[in-house]
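Let the sequences and hints guide you as you build the complete structure.
There are 2 protein chains.
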Amino acid sequence: MREFKVKVEVKLKPVVLDPQGKTVLTALHNLGYDKVEDARVGKLIELKITDSDASNVKERVDDMCKKLLSNPVIEDFVVKIEE
Amino acid sequence: MREFKVKVEVKLKPVVLDPQGKTVLTALHNLGYDKVEDARVGKLIELKITDSDASNVKERVDDMCKKLLSNPVIEDFVVKIEE
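Keeping their order, the protein sequence lines are chains A and B. Heads up, the first sequence is in our numbering, so the first residue is 382 and it goes up one at a time. Heads up, the second sequence is in our numbering, so the first residue is 382 and it goes up one at a time.
Just to be clear, a hint being listed does not mean it is correct.
One copy or any two copies: either way a pair holds, since identical chains are not told apart in the list.
[What the hints assert, rightly or not] Here are the simulated EDC-like cross-link-like pairs (lysine to aspartate or glutamate), alpha carbons at most 20 Å apart as the crow flies:
1) Lys-416 / Glu-384
2) Lys-448 / Glu-418
3) Lys-388 / Glu-463
4) Lys-461 / Glu-384
5) Lys-394 / Asp-443
6) Lys-388 / Glu-456
7) Lys-394 / Asp-415
Derived by calculation from the structure, the hints in this document are not laboratory data.
Have a look at this one:
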């Protein structure tokens, strides 16, 4: 059994409005950072998984993302596996 | 002027309790993913910045993180710059 560290990045799809990002952008402008042109806010989920096989892990985490970690209607996700 | 895509990962410090992560972990276990041993939830902020110099960008984003994007008391951040 090996331990895998998995990073899941969940972002809103590019066509979906991001009010939280918009608020961050406005706040940055108010602080004087006027070279920032866009800001979008997503989620970063880190998992620790014990399994025997890396390909298993990838498949399962994809599954978790579809079922629980992301909303596939409005969000995209990227899974990165480190050991 | 070049356009930089900057990714900021904001995570709770390891010593800080993460109730949101704990909830995700319980939900994953309830769905049958019992090989997941830990889950932590952070933020992923993507910025688009126009500037002439990459080293400027890194410095400014570090600054933004300290002032607005993270809470340095309980959170760590990592800045990654892509072009």
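Against the structure, the hints come out as follows:
For a Cα distance limit of 20 Å, the shortest separation of Lys-416 from Glu-384 across copies, 10 Å, qualifies, whereas the shortest one inside one copy, 42 Å, does not. Taking the shortest Cα distances, Lys-448 and Glu-418 sit within 20 Å of each other only across copies (18 Å), while inside one copy they are farther apart (33 Å). In this assembly of identical chains, Lys-388 and Glu-463 lie within 20 Å of each other by CA distance both inside one copy and across copies; the values are 8 Å within and 19 Å between. In this assembly of identical chains, the alpha carbons of Lys-461 and Glu-384 lie at most 20 Å apart only when taken from the same copy (14 Å versus 25 Å across copies).
In this assembly of identical chains, the alpha carbons of Lys-394 and Asp-443 lie at most 20 Å apart only when taken from the same copy (17 Å versus 26 Å across copies). In this homomeric assembly, Lys-388 and Glu-456 come within 20 Å of each other (Cα to Cα) both inside a single copy, at 16 Å, and across copies, at 17 Å. Proximity of Lys-394 to Asp-415 under the C-alpha cut-off of 20 Å is found in neither arrangement, the shortest distances being 25 Å within a copy and 30 Å between copies.
The structure fails hint 7 only (numbered hints given earlier).
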